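Please model the entire structure based on the sequences and the hints provided.
Quick mapping for you: the protein sequence lines, in order, are chains A and B.
With the working numbering applied, the first sequence corresponds to residues 2 to 97, in that order.
With the working numbering applied, the second sequence corresponds to residues 13 to 489, in that order.
No lab work stands behind these hints, which were simulated from the structure alone.
Worth double-checking, as some hints may not be accurate.
Sample of chain A residues at the chain B side, in silico, Cβ under 7 Å [as the list claims (entries may be wrong)]:
#, residue
1, K27
2, K44
3, V45
4, A48
5, A77
6, Y88
7, F89
8, R93
All values derive from a computational prediction rather than experimental measurement.
From the three backbone atoms N, C-alpha and C, an ideal C-beta is built for every residue, glycine too.
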Amino acid sequence: MKITRKDVEHVALLSRLELGESDVAKFTGQLNAILDYIDVLSKVDTAGVEPTAHVLPLKNVMRADEPRPSLPRELALANAPEQEDGYFKVPRILEG
Amino acid sequence: MDYEVVVGLEVHTELKTATKIFCGCSTKFGAAQNTNVCPVCLGLPGVLPVLNARVVEFAVRTGLALNCRILPFSKFDRKNYYYPDLPKNFQTSQYDLPIAVDGHLDIAVGGQTRRIGITRVHMEEDAGKLVHAGSITKSEYALVDYNRTGVPLLEIVSEPDIRSAEEAKAYLEKLKAILQYIDVSDCKMEEGSLRCDANISLRPKGETKLGTKAEIKNLNSFKAVQKGLEYETARQADVLGEGGRVIQETRTWDDACGVTVSLRSKEEAHDYRYFPEPDLVPIVVDPAWVEDIRRHLPELPDARQGRLMKDYGLSAYEAGVITAGRAMAEYFDATVAAGADAKAAANWLMGELSRQLNAAGKELEDCPVAPGQLAGLIGLQAQGTVSGKLAKTVFEAMWASGKDAAAIVKEQGLVQISDAGAIEAVVDKVIAANPQSVDDFKAGKERAIGFLVGQVMKETKGRANPELVNKLLRERM
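What follows is the structure, given as structure tokens:
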């Protein structure tokens with residue numbers, strides 16, 4: 002077992018996910034299955050193969066530094082759970 | 013115990029592009045909240061970022077100016093963390109393959125030149141701005157403005173080569189000067205376009221292993237860098253001195269109270285789970301393009317300081333002050349090019365002109381007296397048309413009216429009186445009116461003549477040539 006319950010709980014916390022007891026057990030198993038499959042891939046001899054940074058055979062896709070219109074503020078804020086005075090309103094940040 | 017301070021600085025500088033790093037929203041500072049935003053910088057689902065070519069150019073230029081190696085293959089990565097100023101819940105940054113590595117810059121502190129290593133320069137996006145209702149620790153909620161989200165940043169990371177708060181300040185000043193010279197950033201600390209965090213630890217003198225560090229955030233002025241690091245040095249020395257251990261943590265500099273405060277949160281230790289950004293393809297820089305940028309780098313502060321010392325005989329201090337900012341260095345060159353004596357131009361720039369700018373809270377770019385006009389005034393002074401004292405009066409009038417020195421001298425009749433005949437009458441009058449001072453002078457009190465010269469200057473409304481007055485007084489007493 003490479004991934005323990007503790008790892009799953011840790012990653013869930015970092016990702017702000019609340020997992021039930023059964024989820025933790027399920028994901029621990031699934032993640033280990035994925036890593037086991039990676040082990041199969043790891044058997045391939047990759048000596049002399051450059052690490053892949055991107056799967057697309059593209060490089061240097063860029064745009065000129067030219068302005069384009071932004072969203073009207075009403076639209077930008079349309080999905081905000083809460084707003085105030087043109088700002089997104091969010092819960093307090095630091096815990097006590 | 014004697015401790016050695018070890019500091020490394022992380023400087024974030026906003027690039028002066030017209031648009032954001034991955035979308036066409038404006039980067040203009042001071043727009044109404046949440047008006048420079050679009051689906052890309054708000055991180056809405058289904059959007060794709062496209063890299064701003066100007067950002068790469070500025071990053072390469074910065075890397076070269078900081079003596080870095082430009083990596084031929086570079087890529088973006090996602091730095092994952094949750095904070096409400098980051099709408100995507102990750103910051104697009106660079107991790108293992110930054111655009112530039114292994115550079116350095118030289119600082120001069122206490123007459124010593126020290127080389128500070130630059131670990132890396134990487135490109136990333138800025139985060140939004142949180143407005144707290146009240147203080148960060150007490151407010152019940154926060155308001156977020158995402159205008160700044162996606163503004164291009166360079167993060168410039170130094171090696172832990174800095175050994176004092178003073179060196180940290182000198183490093184930051186030099187870095188700011190270089191960034192201004194190469195024209196990639198406005199470096200306005202008050203607008204947040206240059207921001208500084210510091211990693212600081214202490215170790216017993218002679219020890220080579222690094223001590224436990226604290227990361228200090230919010231060191232956003234030269235004074236804050238120095239004061240914050242001085243405070244933190246003392247705090248860590250106290251902890252260690254009492255046999256305690258420094259905790260590795262993030263602290264913030266509270267400028268108003270002059271202390272660093274621990275920023276504790278329930279977030280676990282930094283675990284950013286970087287991974288390659290799948291929405292952006294790699295950057296492969298053409299070596300010929302890099303060389304072209306290198307060839308077009310402007311003269312940098314150190315070279316310019318050296319030139320001013322060599323060509324004009326300015327002292328290291330004078331040349332250092334004048335070249336510390338690009339605007340002043342250019343104003344100086346323009347003044348000299350307009351015919352002014354270099355030494356005099358330096359004195360005016362460092363003295364009266366800087367004083368007026370400070371008093372008016374203005375930047376040199378907004379100076380109402382143009383370099384050519386200052387050169388005109390310096391010329392009049394050199395010819396003896398105006399005295400040194402009156403030159404200041406003329407300068408103030410130039411500042412207020414924007415007129416040339418010659419016009420003001422003519423209008424206000426400020427031409428220096430260097431005609432002995434015209435001054436003699438006043439000298440005689442002053443001698444007659446002040447017998448006590450005359451006696452004092454004759455009795456050997458050299459100081460008495462100063463008073464008499466002053467009286468003549470007063471009578472002539474400052475226009476008499478003071479050297480001539482002095483000479484005539486001595487002759488006629």
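Right, here's what the structure says about each hint:
{"no.": "1", "hint": "K27", "result": "violated (21 Å)"}
{"no.": "2", "hint": "K44", "result": "violated (23 Å)"}
{"no.": "3", "hint": "V45", "result": "violated (20 Å)"}
{"no.": "4", "hint": "A48", "result": "violated (20 Å)"}
{"no.": "5", "hint": "A77", "result": "holds (5 Å)"}
{"no.": "6", "hint": "Y88", "result": "holds (4 Å)"}
{"no.": "7", "hint": "F89", "result": "holds (4 Å)"}
{"no.": "8", "hint": "R93", "result": "holds (6 Å)"}
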